[in-house]
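Listed below are the residues making up each chain.
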Amino acid sequence: MSRIRDDYESSLWSRLTRWVNGETDPFEGKMEMRPLREAEFRGRSVFNPDRLDEDKVMQYLDDLDKNKEMRAFRILYVLGSVALCFLLIAVLLLTVSYLPRLGDPDGPNNNEVSARYVEHGMEEFGAVNMVTNMILCYRGFDTFGETCVLFIAATCVIVLLRKNEEEIENTKETDWKYESKPDAILQMVTRILVPVIFLFGFYIILNGHLSPGGGFSGGATIGAGLILYVTTFGFHKMQRFFDEKTYDRVKVGALSLYSVTMIYYFYTGANMIKNVIPSGTPGNILSGGMILPINIFVGLEVACTMYCFFALFRRGGM
Amino acid sequence: MNFVQNFPCFSIVLCMAAGIISTPMKGKTAKYMTLTVVSLVAVMSIATLSYVAATGESFVYVMGRYPAPWGNEIRAGVLEALLATVFALVMLFSLLGGMEHLFRVVDPGKINLYFILVDLLLSSLLAIIYTNDLFTGYVFVEINTIAACGLIMIRGSGRSLLAATRYMVMSLIGSGLFLISLAMLYDITGHLLMENVHTAIVHLVDTREYLVPLLVIISLSTVGLAIKSGLYPFHSWMPDAYGYAPASSSAILSGLVSKSYIVLLIKIFYRVIGFDIIVRSKIVNVLFVFGLIGMIMGSVSAIMAKDIYKMIAYSSIAQIGYVYMGIGLATREGMTAAVFHILTHAVTKSLLFVSAKGLTDASGNQKAYPALQGAAFRNPLAGAAFLVGSLSMVGIPMLAGFISKLLFATAALGADPKKTLVTLIVLAVSTVLNAVYFLHTVIRIYTPVNIPENVKGIHIHVKAGAAAALVALILLNFVLGLLSQPITDLIHAGIDMFA
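For the protein sequence lines, the chains are A and B, in the order given.
Residue numbering for the first sequence follows the numbering used here, beginning at 1 and increasing consecutively.
Residue numbering for the second sequence follows the numbering used here, beginning at 319 and increasing consecutively.
Treat the hints with caution; some may be incorrect.
Unchecked claim - Pairs of lysine-lysine, DSS-like flavour, derived with a Cα cap of 30 angstroms: (1) A:K56 / B:K736; (2) B:K600 / A:K163; (3) A:K172 / B:K685; (4) A:K172 / B:K428; (5) B:K685 / B:K428; (6) B:K600 / B:K736; (7) A:K245 / B:K736; (8) A:K68 / A:K56; (9) B:K685 / B:K346; (10) B:K346 / A:K237; (11) A:K66 / B:K428; (12) A:K68 / B:K600; (13) B:K428 / A:K163; (14) A:K172 / A:K68; (15) B:K736 / B:K624; (16) B:K428 / B:K600; (17) A:K163 / A:K66; (18) B:K781 / B:K344; (19) A:K181 / A:K163; (20) A:K163 / B:K736; (21) B:K600 / B:K685; (22) B:K346 / B:K781; (23) A:K237 / A:K181; (24) A:K163 / A:K177; (25) A:K245 / A:K181; (26) A:K237 / A:K177; (27) A:K163 / A:K237; (28) A:K237 / B:K428; (29) B:K736 / B:K685; (30) A:K56 / B:K428; (31) A:K245 / B:K428; (32) B:K685 / B:K624; (33) A:K66 / A:K56; (34) A:K245 / A:K177; (35) B:K428 / A:K177; (36) B:K428 / B:K736; (37) A:K245 / B:K781; (38) A:K245 / A:K172.
No lab work stands behind these hints: they were computed from the structure.
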């Protein structure tokens, strides 16, 4: 058994052992030490001292009169962005000069794709309007996606702007300021115009496969008619035939029927199952197979979305 | 035609239909329907994956009666099916994990709208993954952008609205650039279907026609998608967007949404332009440089971040940098590593966001570091999940992050010798920085503290759904880390199918 050295306590090994065991701190007495600050819990209060300081500092920094560097930076920033925009514009314009001329018969986009749309579109889908053939049938998936873009845009506006019943009730006091006054001339003109606008909108939708137009443009027309009606007569009268429930029903009905049609079309098309929707004689009003119903669905959805945007921006509800 | 081949189309249209019929529903009903739909999509994607892996070749599904170039098409290969599977699973677990918090912070009248957004977001993610047509890709990029804005601002408070606005502005700039590039591409090739565009481009390059527009197209589409996915200089929207959105939104946004644009970019590189032409155009070098800068700068910002969400958000910037660095290596191995890192990051970031929510819940809803001290003892499961996620991001063996780092390092050795050294150095530095900020947080949450009076009352009860989600995400991390060989084989096979 070896003997413990007399100066063991002060040897390197001993100090190391003690440090590892946590008995001593090598810095003790050599540097200033403070105990760790206990974590502070501030409960759920909104008041947050850290944030306040940060805000104060930011406020000071944002004060352009005192902060010369910031002002110089802002100016440089604006100049830089403008320069970047002009650079991008220049690059794009330069590129356009390299692109093929628009409408050039030998250009790369006058190829077999458009040829088939023009030559065989009518016999394959039965609509005289070949643009409708192209967007609703050949590229039906894209258009379905595009309709969903509209739907989701409306959803986002609802997320952002819709108020609940209570809030609408509360604002009723001040809301009359924004409603239009009962104006005899305006009401008379609207009474005459709105039915015509609706009729024209339905005409555009129903003739989407025969003449220029279709669900998107016809729906926008009907939506404009609804907006004209509501601005003249106010929401109270509007709600007698078009409230939020009707809106939901029409929109969901149209879109779900649209998706059912599209699933049918994709499934039968990809699996080579015979299509049972008759396509009729091109040129008749009842022709074009599934184009007519799709135009109606899209038209309803677009009309609803137009009105929904107006109503939500106007008072946060329908 | 095998019935399984219908599944990609079914899963896309099913999500869209589910979103549509959620409109008049109550929040709870919409929730159950969304969970069912997302699980169904996961099952269908697994079936597709096993089918494609068994047959060994991709298939094209005609969306309608007429094949491309006249009609729309989607295409499913191994890589698409794998990504769809992982995305659907991560979506499911992020939703489950953040569900309770969601119902707490969102206005009860608007909660069903959240599920509409989620359904349509999933449909757009799937469509972007499966699409074989550039314009379809663009349409669904739009849906993706708008839905993501909605997910950020669903809370309706000031900060989240600001974050959503910033996100929208940046994202729309990206979409705009991408759309301009598509218009030009259509102008010089006359096609929108990926294969036909590719044939036309190869012809154009051979005859040396339209080379200037082609270069502009490549750069515009790359920059556009890079802005949307948050590559380094365009990252400013990220910390706020992830920091102020509900936990499930942050998990979905950082794990899936920003990744979907990278997937689209990879598809464009391989299937539209052709990888040789991309490499010759030197755009990969630009991505490489910005990826490297992002790896460092993202980590440095994460170290300086004051709260846990901001830290995770800044870490996302670094991880996006990793992915672009892998693409920038311009080799097949680099691309494999990038795709693997997409999966790793999707799985890990959602785990981190969901568990961070559990930790802040256990600390009286405070997200600043001092308040989080000892949070792991107050909510042990969330603490363990955060630990696993952090270790995975740092790159500890057996976890997914280690495999990605290994793949990146291996890929760097096989790449252009000029890139090898700098990649390895930045990878090492970035790993150390990752360790600094992640382990700093881990140590903080595992430091015991005497529970102050005002938190004593907080009783953390992890709901079964959230617990299952955390456990499942931890398991997914281990699966990616332990079964890496079959998965990298699948990615290899998928990339070969692309070319």
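Query - Distance restraint between A:K245 and A:K177, which requires alpha-carbon spacing of 30 angstroms or less - result: 26 angstroms, holds
Query - Straight-line alpha-carbon gap B:K736 to B:K624, limit 30 angstroms - result: The given pair, whose Cα atoms are some 37 angstroms apart, is violated under the 30 angstroms limit.
Query raised in the report: Regarding the pair B:K685 and B:K346, is the alpha-carbon distance no greater than 30 angstroms?
Result: 28 angstroms, holds
Query raised in the report: Holds or violated: A:K245 with A:K181, Cα cutoff 30 angstroms?
Result: 27 angstroms, holds
Query raised in the report: Do the alpha carbons of A:K181 and A:K163 lie within 30 angstroms of each other, as the hint requires?
Result: The given pair, whose Cα atoms are some 24 angstroms apart, holds under the 30 angstroms limit.
Query raised in the report: Within 30 angstroms, alpha carbon to alpha carbon, are A:K245 and B:K428?
Result: 15 angstroms, holds
Query raised in the report: CA of B:K428 to CA of B:K600, is that 30 angstroms or under?
Result: With a Cα-Cα distance of about 47 angstroms, the restraint between B:K428 and B:K600 is violated, given a limit of 30 angstroms.
Query raised in the report: Within 30 angstroms, alpha carbon to alpha carbon, are A:K68 and B:K600?
Result: Roughly 41 angstroms separates the two Cα atoms, so the pair is violated.
Query raised in the report: Can the restraint linking A:K172 and B:K428 be considered satisfied, given a maximum Cα separation of 30 angstroms?
Result: Status holds; Cα separation ~22 angstroms.
Requested in this report: Given the hint that A:K66 pairs with A:K56, test it: the Cα-Cα distance must not exceed 30 angstroms.
Outcome: 14 angstroms, holds
**Report entry** Hinted pair A:K163 and B:K736, Cα distance within 30 angstroms
**Finding:** With Cα atoms ~59 angstroms apart, A:K163 and B:K736 exceed 30 angstroms; violated.
Requested in this report: Take the C-alpha atoms of B:K781 and B:K344, compute the straight-line distance between them, and say whether it is at most 30 angstroms.
Outcome: 21 angstroms, holds
Checked against the numbered hints above, the structure breaks hints 1, 2, 3, 7, 10, 11, 12, 14, 15, 16, 17, 20, 21, 29, 30, 36, 37 and satisfies the rest.
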